[in-house]
Amino acid sequence: MFGSRWITAAVGMALASLSLAADYKLTIIHTNDLHARVEPVVISRQEYGGYARLATAIQEELGAAENALLLDAGDVFQGTLYFNVYGGLADAAIMNYIGYSAMAVGNHEFDRGAPTLAKFAQQLQFPLLSANLDVAGDPDLKDLIRPSVVTEVGGERIGIIGATTPDLPTISAMPETVIMKDWVESVNKEAEALTARGINKIILLSHSAYEVDVANGPKLRHVDVIVGGHSHTPLGEFENPLPGTRQPEGKYPTELKDVDGNPLLVVQAWEWGKMLGRLEVTFDENGVVKSHAGTPRLIDSTVAEDPIVATMVQAFRVPIEEMMTKPIATAEEAIPQGASRSGESAMGNFIADAMLHATKVNGVVAAFMNGGGVRAGYEAGNVTFGTAITVQPFANTLAVVDVTGAELKSMLEHGVGSFPEGSGALLHPSANFRYVVDVTRPAGDRVVEATLDGQALDMSKTYRICLNSFTAGGGDAHANLKGRTGPYYYDTGLIDVDASVEYIKSLGNVIKPVMDGRITVRR
Numbered sequence: 010m011f012g013s014r015w016i017t018a019a020v021g022m023a024l025a026s027l028s029l030a031a032d033y034k035l036t037i038i039h040t041n042d043l044h045a046r047v048e049p050v051v052i053s054r055q056e057y058g059g060y061a062r063l064a065t066a067i068q069e070e071l072g073a074a075e076n077a078l079l080l081d082a083g084d085v086f087q088g089t090l091y092f093n094v095y096g097g098l099a100d101a102a103i104m105n106y107i108g109y110s111a112m113a114v115g116n117h118e119f120d121r122g123a124p125t126l127a128k129f130a131q132q133l134q135f136p137l138l139s140a141n142l143d144v145a146g147d148p149d150l151k152d153l154i155r156p157s158v159v160t161e162v163g164g165e166r167i168g169i170i171g172a173t174t175p176d177l178p179t180i181s182a183m184p185e186t187v188i189m190k191d192w193v194e195s196v197n198k199e200a201e202a203l204t205a206r207g208i209n210k211i212i213l214l215s216h217s218a219y220e221v222d223v224a225n226g227p228k229l230r231h232v233d234v235i236v237g238g239h240s241h242t243p244l245g246e247f248e249n250p251l252p253g254t255r256q257p258e259g260k261y262p263t264e265l266k267d268v269d270g271n272p273l274l275v276v277q278a279w280e281w282g283k284m285l286g287r288l289e290v291t292f293d294e295n296g297v298v299k300s301h302a303g304t305p306r307l308i309d310s311t312v313a314e315d316p317i318v319a320t321m322v323q324a325f326r327v328p329i330e331e332m333m334t335k336p337i338a339t340a341e342e343a344i345p346q347g348a349s350r351s352g353e354s355a356m357g358n359f360i361a362d363a364m365l366h367a368t369k370v371n372g373v374v375a376a377f378m379n380g381g382g383v384r385a386g387y388e389a390g391n392v393t394f395g396t397a398i399t400v401q402p403f404a405n406t407l408a409v410v411d412v413t414g415a416e417l418k419s420m421l422e423h424g425v426g427s428f429p430e431g432s433g434a435l436l437h438p439s440a441n442f443r444y445v446v447d448v449t450r451p452a453g454d455r456v457v458e459a460t461l462d463g464q465a466l467d468m469s470k471t472y473r474i475c476l477n478s479f480t481a482g483g484g485d486a487h488a489n490l491k492g493r494t495g496p497y498y499y500d501t502g503l504i505d506v507d508a509s510v511e512y513i514k515s516l517g518n519v520i521k522p523v524m525d526g527r528i529t530v531r532r
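Per my numbering, residue 10 is the first one in the sequence shown, and the count goes up by one each step.
Source of the hints: derived by calculation from the structure; they are not laboratory data.
Since the structure is predicted, the reported quantities are computational estimates derived from the model, not experimental observations.
Where is the CB? At the ideal position from N, CA and C, for every residue including glycine.
Watch out, some of these pointers could steer you wrong.
Claimed, not checked - Beta-carbon label-pair distances, calculated as ranges:
1) ALA488 with THR460: 24 to 30 Å
2) LYS260 with ALA73: 18 to 24 Å
3) GLY207 with ASP152: 23 to 29 Å
4) PRO257 with ALA73: 22 to 28 Å
5) ALA182 with GLN55: 30 to 36 Å
6) ALA73 with GLU341: 42 to 48 Å
7) GLU75 with SER515: 31 to 37 Å
8) GLY270 with ALA324: 49 to 55 Å
9) LYS369 with THR320: 40 to 46 Å
10) PRO257 with GLY108: 24 to 30 Å
11) GLN464 with THR320: 32 to 38 Å
Please build the complete structure, drawing on both the sequences and the hints.
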């Protein structure tokens, strides 16, 4: 009797051990939308991100995991002077050292055309992926972008597929030699091919936006995890609010079901290296997601800097410092900041015009600069890049947003609500927009006239406008914009000061003040 029980127990233990052995645990460490943030960004006087701290956090997470992959979901290009100077090569060198396994192609990877992207890809020691881009006809890229890659981790083969936003043709400098293919069809085709090779654990690196990943996930087959980017979406639960205006917009991971009803997990890790994603996935013997754990990690000043990466950053910084003293324009007259919080400002006008110039390609019809973001003016004579950064020091990006005429009027009203006291929320418009403010009327009803291209603002019509990312994120208490991702919201990734520099170039590097009655204040 005793022996029989012992045999039964032994068989049970053996079966349990066999079941446990069949499970496979993989830790996915991930970033997205780094946007050339080689150095930390400063928010409310606190530092976040930067490759040196990111490297330390990555090594800690990789060291703690039995089986791990380090992935990036695209948009390494564009956003700081490091990209202006190095065209992504500084990022490539550091990412190689840190040890990334694969990267998706983002839309901003095309900002300087195929040759610059090709140079970047040639320097990478890991593959650049996109299944829905056909680059066979492009002489620079044809051998440098792959639809997928297979890598072995802990004795298991993992398939990694890339995908790029379907909006690429309209929001980037994608060459005609590159063909955009259907997103769902391309990913499913590649996943089917990987499955046919016996690979049953597949990750999709998707630079497509959180909303697209969530919408398309249920149409996919064989994909287990989507590591996303493009929408700069923070996910997860945190003890304290995240720095800045944007807060988590979903669960980490977001749980979906694929077309066959199998589990599918979606993750994203905010932007600029301010956050490091960490997802631990347990697969059963058939490669189906069995369980998951993990949460994103905020990369703040409590994370030590990796000394080797810090040294690399310092070396890359030398020409950046030299660039700060380089003249970029001649101002025929001073372009003063003026009363940028309480009335028309020559500097505010100039910046708004630069914003419109940069985003007309996105269908923008007017641009608006918040008065609080105009921190100084240009003196007459030589204007250096350092001066431009003094005027626009926050490294805000340009965002494109669709608003109704009623919503736009509400934003204008908010900007003048505290008059006669000034407000950083005051919006300085581009040259084709005018509005009249009557401060004798009650707050909320002070904008008595608003015109675009000489036509009265239509309260029911939708207008595509450009704002900086601070205002578009609800900064200066623009509450009707806070957390907005629809009906249309697109962060171009272009830094506001870079837009001003490009606008200066379009003017032949000679500039002068313009005060043409864009804001009229009746007192």
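Evaluated hints:
{"no.": "1", "hint": "ALA488 with THR460: 24 to 30 Å", "result": "25 Å, holds"}
{"no.": "2", "hint": "LYS260 with ALA73: 18 to 24 Å", "result": "23 Å, holds"}
{"no.": "3", "hint": "GLY207 with ASP152: 23 to 29 Å", "result": "26 Å, holds"}
{"no.": "4", "hint": "PRO257 with ALA73: 22 to 28 Å", "result": "24 Å, holds"}
{"no.": "5", "hint": "ALA182 with GLN55: 30 to 36 Å", "result": "35 Å, holds"}
{"no.": "6", "hint": "ALA73 with GLU341: 42 to 48 Å", "result": "60 Å, violated"}
{"no.": "7", "hint": "GLU75 with SER515: 31 to 37 Å", "result": "55 Å, violated"}
{"no.": "8", "hint": "GLY270 with ALA324: 49 to 55 Å", "result": "52 Å, holds"}
{"no.": "9", "hint": "LYS369 with THR320: 40 to 46 Å", "result": "42 Å, holds"}
{"no.": "10", "hint": "PRO257 with GLY108: 24 to 30 Å", "result": "28 Å, holds"}
{"no.": "11", "hint": "GLN464 with THR320: 32 to 38 Å", "result": "57 Å, violated"}
Going through the hint list in order, the structure does not satisfy hints 6, 7 and 11.
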